[in-house]
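Trainee: Single-letter residue listing:
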Amino acid sequence: MSVTQQAVAVGQGFPRPRAASRKWFGGIHGADYIWAFAFAVPYVVIFIAFVVYPICYGLWLGSEPQLYTQLFDDPRYFTAVINTLIYVGVGVNLKMALAFLLSGFFMRKRWWIKALLVVFILPWATPALPAYMSIHWLLNGQWGMLNNLLWTVFGYDGPVYLNSHWMGLSANIGAYVWKNLPFWTIILLAGRMSIPQELYEAAAVDGATGIRKFAHVTYPLMANLYLVCILLDTVFALGDFNATFFVSVGGPAMSTEVLATLGIRYAYTVALPRLGVAEVMTALPVLIPLVYILMRKLRVSEGQL
Amino acid sequence: MSVTYGRTVATDPSFPPEAVPGTTQPTRSKKSRPHYRLRRHALEAAAMAFGVVLAVWSVLPIYNMWMIALSTHDGVFAGSLWPEQPTLEAFRVVVTEDFWYLARFWHQFGNSFYVGLSVMFLTLLIGSLASFTIGRMRIRHGWMLSNAALMTYVIPASFLAIPMYRIMQIYGLTNNLMSVVLALTTFATPYAIFIFSQYGKSIPMELDESARIDGANPFQIYLRIYLPLMAPALVAVGTYALLLAWNEYLYNFLLLSTPESMTVAVALAQFLNSDESPWNFMMATAIIYAMPPIILYYGFRRYMAAGLTMGGVKG
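In order, the protein sequences belong to chains X and E. The numbering of the first sequence is the working numbering, which starts it at 1 and goes up by one. The numbering of the second sequence is the working numbering, which starts it at 1 and goes up by one.
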C-alpha cells in the first residue's frame, strides 16, 4: 500500500485487505499462546499503570461535589470555557479550511512550489516551545518585530497586542494555526494526490470544469478525510497547552486561559490539584462523544466482534 | 486549451468555411492570444505573490528568533529589523554554560537525548510486540488492545497531567528521568500500534506460515521476518517518538524540577521566570534546542511524511 493510499484510507475507515484478514495457518496452538501473551504484556502493563490508573485516580480526585460549586463560582472558569470554545472552534476550522485551500495550491506543478513547500514545513519542524516564545516576543508592543515591521514598511504604529483579551486570544489561535498548518496541509495534499487523475479526465470529457470538478470529484473523495482531520484536530486543540501558556501567557489577567492551561494553573500556581482535575472533568461531556466517534472512524483492526 | 484553439483557427484558413482567409482570422488571433497569455501570466504572478506572503508568514517567527539571538544585550530593545552589530556572543555564552540558568546546559541537553532515545526505543519495542500479537497472531481479544491504544491516542495528554503527576509520586519517580520516559512512551505507543497494524497488512501472511512450517517459533518470526520487513514503518514511528519526546514541555516541566534532572525544554522555559532575563541568551538556547528536530525533519522528510500521512496524526 502506498503512503498516499494509506492517507486516504484514514478517511475511508480502512477497507480490509483480504490477505491479512485471515488467521495464521491452523490458528495458534500450545506454546504459541504463551508467546502471544508475553508479547501483549508490555503494552497491557503500560496501559494499566499509566492510563487506567491515572484516569481512575483522576475520577476519584474530582469526585467531590463541592469542588464543582467552587468551580462554577469562579468567573475565570467561565472565561476559560468560552475561550476554549472560540479557540477550538475558530482555530480548528480556520486551519482546516486554509489547509484545504493550500493543499490545492501546492498541487500546482511548478519548480518554485516545491521550494516553497520546503520553507512552508519549517513551522511544523520547529518545536512548539521556542516557536511560541518567539511569537510572544514578536508581538511585544514596544520593541517586537511585528510592530517594527509595520512601522518601517507602512509607517503604522501597531497596538500592544497582548494587553487585550481579544487580541491575545487571536494571537494564541494564530500561533496554533501557524504551528500546525503545514502538517494538515500535507495530510490533505496526500489525500488530494491519491485521487486518480482518470477521474478528473473523465469529468473533463463529460464537460465538467472548475467548480463542477470540485463538487463531483474532489469533494466526495475528500469529505471523509477532511471530517476525520477536523475531529482529530478538535481533540488536539482541546488539549493544547503550549500556545496559550507561551504566547499570551494566559494574560492579560488570566483572561485568555483555556481549559488545558487553567487546570494546570489551579493545580500548580494556586495549589488546588483537585479543583484542576474537576475543571478538566467538566470537559468530559464533550470529550467522550468525540473520542467515541473518532475511535469508530479510526478503528485499527476490524476486530472479531 | 484556449491558446491551442486560437492557434488552430489562425493556421487553418478553411475554418470557418465562409470566412475569407487572411482577413478576419488573423485579427482575432492577434487579439486573443496575448490576452490569454497575459491572463496566464497574471495568474502565475498572483500565485507567486501569494507564495512570497506564505514564505514570510512561515519564516517570520524563526527570523525573529535569530535576530534576537544575534543581538547584543541592549540591542534587543533597539527596535531595528536586523541587529546593528550582529554578534555570536549569546551562542558563546550558551555553549560555554556562562550564565546561571545555563550552568548545566550540556548535561540537560544530554538528558533530552536520553529521554528521546529511551522513548523511541521503548515505543518501538512495545508497539511492535503488541501489533505483532494483534495483527499477525490475531489473539482472541486483540481488538480490546487496539481499542485501548486508540483511546489513549485520542485523549489529550494535558488532561491527564495532574493525576499522572500524583501517580509518579506514588511510584517514587519524582525528578527521575524515567517518569518522563514512561509517561511519554504511554502517549507515543498507541500511534506506533496504529501505524504498525496498518503497515503490517501489506506483509503477506504466507511468509509467517512458511516460517512456521520450517519450525520457527513466534519470537523467531517476529525477529527474523516481521521486524526486517517493517523497517520503513519503524523508521517513521521512531522519528515520531523521538520528536514527541524532544518537543514535549508540559510533562517535563511537571515531573522534573531539579537542574540535574531537567531537560532543555524546562531549562529554556526558566528564562520566563524573570522579567529581567537576557532574551538574547534565551533565544540562542531556543535555537540550539530547535536544531536537532529541524535537522531530523529535513533529513527524514520522506519517512516523516510517509509515517504521518499513514495515520492522519499528531503534530
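Read the hints as simulated data drawn from the structure, not as lab findings. Glycine included, C-beta positions come from ideal geometry on N, C-alpha and C. Please note that the accuracy of each hint is not assured.
[Unchecked claim] Only part of the chain E face toward chain X is listed, based on derived beta-carbon distances under 7 Å:
no., residue
1, Phe99
2, Gly110
3, Ser158
4, Ala216
5, Phe219
[As the list claims (entries may be wrong)] Restraint ranges, calculated between C-beta atoms of paired labels, are given here:
no., chain 1, residue 1, chain 2, residue 2, range
6, E, Asn176, X, Glu198, 55 to 61 Å
7, X, Gly89, E, Ile170, 26 to 32 Å
8, E, Ala45, X, Ala215, 26 to 32 Å
9, E, Leu43, X, Val270, 55 to 61 Å
10, E, Phe77, X, Val270, 30 to 36 Å
11, X, Tyr156, E, Leu43, 38 to 44 Å
12, E, Phe121, X, His29, 27 to 33 Å
13, E, Glu97, X, Pro289, 19 to 25 Å
14, E, Phe121, X, Leu98, 35 to 41 Å
15, E, Gly172, X, Gly89, 25 to 31 Å
Trainee: Give a verdict on every hint.
Mentor: Cross-check of the supplied hints:
no., hint, verdict
1, Phe99, "violated, 17 Å"
2, Gly110, "violated, 17 Å"
3, Ser158, "holds, 4 Å"
4, Ala216, "violated, 11 Å"
5, Phe219, "holds, 6 Å"
6, E/Asn176 <-> X/Glu198: 55 to 61 Å, "holds, 57 Å"
7, X/Gly89 <-> E/Ile170: 26 to 32 Å, "violated, 38 Å"
8, E/Ala45 <-> X/Ala215: 26 to 32 Å, "holds, 28 Å"
9, E/Leu43 <-> X/Val270: 55 to 61 Å, "holds, 56 Å"
10, E/Phe77 <-> X/Val270: 30 to 36 Å, "holds, 33 Å"
11, X/Tyr156 <-> E/Leu43: 38 to 44 Å, "violated, 30 Å"
12, E/Phe121 <-> X/His29: 27 to 33 Å, "holds, 32 Å"
13, E/Glu97 <-> X/Pro289: 19 to 25 Å, "violated, 50 Å"
14, E/Phe121 <-> X/Leu98: 35 to 41 Å, "holds, 37 Å"
15, E/Gly172 <-> X/Gly89: 25 to 31 Å, "violated, 42 Å"
Hints 1, 2, 4, 7, 11, 13 and 15 from the earlier list are contradicted by this structure; the remaining hints agree with it.
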